[in-house]
Every structure is written in C-alpha cells, then in structure tokens.
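Take the given structure of chain H and dock chain D to it, following the hints.
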Amino acid sequence: MFQIVQAFGGDALAILGAALAAIIAGMGSAKGVGTVGEAAAGVVSEDPGKFGKVLILQILPGTQGLYGLLAAIMVMGKVGGLDLSQGAMLLFASLPIAIVGYFSGKNQGRVAAAGCSLVAKKPEQSGKGIIFAAMVETYAILALLISILLIGKVG
Amino acid sequence: MNREYDYTYAVARVRANELSLLSAADIEQLIVAGDYKTTMHKLSDSGWGEIKDIYDYAGYLENYFAKTWNFLVEIMGDIHELDLLLIKNDMQNLKAALKSIVSQHDAKDLYVQSTVYDTQEILKAVEERSFKDLPDFMQKPAEEAYEVLTATANGQLADAIIDKATLERIKYLGVKSGSPVLAELAERMCATANIKTALRCANTGKSKDFVERSLCECDTIAKHKLVETSLEGVDAVLNYLNDTSYAVAGEKFKESTSVFEKWCDDILMECVNEARYTAFGIDPIVAYYVARDAEIKTVRIILSAKINNLPADVIRERVRALYV
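Residue numbers (the numbering used here), protein chains in the order written: chain H, 1 to 155; chain D, 1 to 324.
In isolation and in its complexed conformation, chain H is listed as follows:
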C-alpha cells in the first residue's frame, strides 16, 4: 500500500477516497432498496394496485448511492498530479458521504419498509410514509454537502 502511494503520489489516495464514497454509500443503498423491495413485493402480491405507491418508497433509499457516485466523480475530476497532502485531503473529504450514506441508506430502507406496511393497511396515508422515510435523507444530504465543500477546498 505504502509503495502504491509512493509510486502514484496523492492520486492513489484520491482514487481510494472516490472508490470508498461510491462503494460504501452504494452498499447502504443496496441494503435499503433490497429491504423495501421485499416489503413492497409482499404488498403488491396481495394488491397489485399499490405498485405505484410502494415504488416511490423503494426508490428513496437509492439516493445515497447516487450521492456517493457524485462525490466520487467530483474527486475523480481532481485526479492528476496531486501531491500526498492533497490526495489525503480528498480521501478524508470522501468519508462523510461514504459513512453517513451507508447508515442513512440502510435505515431509510427500514423506515420505507415500515411505510410499505402503512400503505398495505391504509393506502390513503402513503404520503406520511414517504415523509417519514424522507426525513432520514436529510443526513445523507448534509454529508454530501460537507463532502462537496471539502472536495472544493482541495487544489
């Protein structure tokens, strides 16, 4: 690892940061979307008419993966002749969306799956289920914001 860092300089650290942002936030989204998908399939198997409502809930935990991808693209835009300190700064700048994205995606999936149960029993209350799930999104947005500001500070 040390030899790679020495050979490629800061670029290797920046790429590691970009990879972590995409991988870890993506894992959170995958877990979240998967959880809601199971609940949504349960609801739709009993009442196919509720597909539209549960689909919105299933989409919500997918955003963290997109935020991770966005941060990774921004970091990749900086790659090319970075020194070690700049590379390390980009690595650390990627961590907020990577870590918060994981937990936010996973927990948003949980809330959205509970929202599917709400849709199953009281379809007219589906808006409230979406709001509950959207609340979890706040922290992913805050983490993305801080990652973007930190990335912008480098170079």
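Don't read these hints as lab results, they were simulated from the structure. Any given hint might turn out to be false.
[Stated by the list, open to error] Examples of chain D residues lying across from chain H (beta carbon under 7 Å, computed):
1. 13
2. 15
3. 16
4. 204
5. 205
6. 277
7. 279
[What the hints assert, rightly or not] To be clear about the criterion: a stretch of chain H counts as covered by chain D if any three or more of its residues have a C-beta under 8 Å from a C-beta of chain D, and this derived list gives those stretches:
8. 14-27
9. 62-69
As the structure is a computational prediction, the values presented were derived from the model and not from experiment. Ideal placement from N, C-alpha and C gives every residue a C-beta, glycine not left out.
Chain D in isolation, oriented as in the chain H frame:
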C-alpha cells in the same frame, strides 16, 4: 444474530391481510344477521370460503383455519418457527389415534387437518404400537397414555397426560424461539391451561396423583401450590391466584364460566397487541395468527349460539377480544 429482516416480506403480506380481519362492527353485524343460515351466507360473502354443507360449521371453520395456516406456510418459508401454535393439533390427533386403537372405533372424523407432523405417520406409529417412531417428545406420553387406556380405560387421565405433554412442548418451543412474544404467549397458554385444570380438578375432587399428572411447570404459577390448593377446593385455588399475576382470573371465574373462558383467550390477545405497532420481526406474524384464531373462536360461538337459538346478549358476552 438479528433475524428481524428475515420476515420483511411476510410482515408486509400479513399487514395487507389484516384488512380482512373482522372488526367489532362486523362481529355485531353477524350477531344481528338473523338465523344461522343467513349468518353462514354472510360469512361466505365476506370471503370465508364456499359453503359445502351449511350445517357443518365445524368443518367450515376448520377449512378456514387451514386456509390461514397455509397462508402462513406460504409467506414464512420456514414455518417451524411457529410450531408452538399448531402442536396442539398433533397432540389432539395423537389422543384420537390412541383412543381409536383401544376402543377399536374409527376416529377419522376427529383428526385435525393442520398439523406440524404428518398425521398419517403418527397414526401408523400408534396403530403398530411402535411409539419410538413418534417424534421424541410424543413417545413417553403416548406410551404412558396407552398403558393407562389399556390397563384402566381411564380416558380422562390419558387425555390429561397428553395435554400436559402438549403444554410442556409449547413452553419448550416458546423459550427456544428466542422471541419474547412467543415465549410470553407460551407461558400464558400454559398458565391459563393450568388454572383451568386446577379449578376443574378442585370442582370434581380429583386425586393428588391425577392433578400432578395434569399440570405442567410454568414460571408465573407454582405447580405445587396449584396441586395443594386444588385438593382443598375451588376457593383455595382462587385465593392462591390472588397472590399471582393472574388475580383477575378469580373475579372472572366467580362471574361465570363463559366470562372466565373469554378472559383466558383475551390475555393471549393482550400479549400480542403491541405487535400492531411493530414493523419487523416475527411478532406481527404471531399476532396475525392469534387474531385469526380468536376470530374463528368468536365466529364458532356465534354460529353455535344461532343453531341453538340463543339470544344475542348471550353471544355478545362471549365475543373474544379482537386485534383490529
């Protein structure tokens, strides 16, 4: 290991199906629906299934229960998590099989459909007196009950032996499940069964040996205390219950037997009520089963009362607590 995510799909399907549970208003409509036939048709119209023989309400309700259980089998994947809810049916079939071979009467009509184990295998083991082919926990009570039946023809004692083994199995499965709701449900099933048995024994003056062989061990009621007090009489049992968390059982019993029976069922519903607000885990599935079971009991009471022309107030007094 946290297994709550294992039931995400199943819980969503249960929530969707909870819409078809009968509400208090639906039950009231059934009570005032008119005669027995009209009530049966009303049930059929609300999705309880096609009526084959209008006077066979027991068969109709058994089919409905089987439909509920098949739904749980379909959504759960590994249904053995819920064995404790159904094991009483296996033991009921074991009892019927034992009595059938001793009395040499065909008990085909007494066998219950929905079971944990293959009923035909249980029947075969009993018919061949090969008790070692039964599941482990059935072997000893089956042998003991068979000996009692052949030596003394004491059907009551044989039933008590099997019932006790059923409760012990329920208790064991409840603890083994790792679910606090299933464990509590098992405990309450055992405790209420013990209370019923102790009161019945006190009323009929059963011997110490009979009471001891009938009661199971449970955490919330001391078996030896129930045995002692049941030998002294009903009041002694009720006095002892005042010192336990089942003090209200005494009041209900004094009110009437039907009120007491209703209380025994309602406290099972009480322990799953919280599952209405639980989004994950096995609890909502267990609660759905308990809710359907209570619903079927209530409908049975309504139909049986109507066929016997009992007044609506008598039915209302017996309606079980509902989940919705």
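Original post:
Looking back at the hints listed earlier, which ones does the structure fail to meet?
Top reply: 4, 5, 6, 8 and 9
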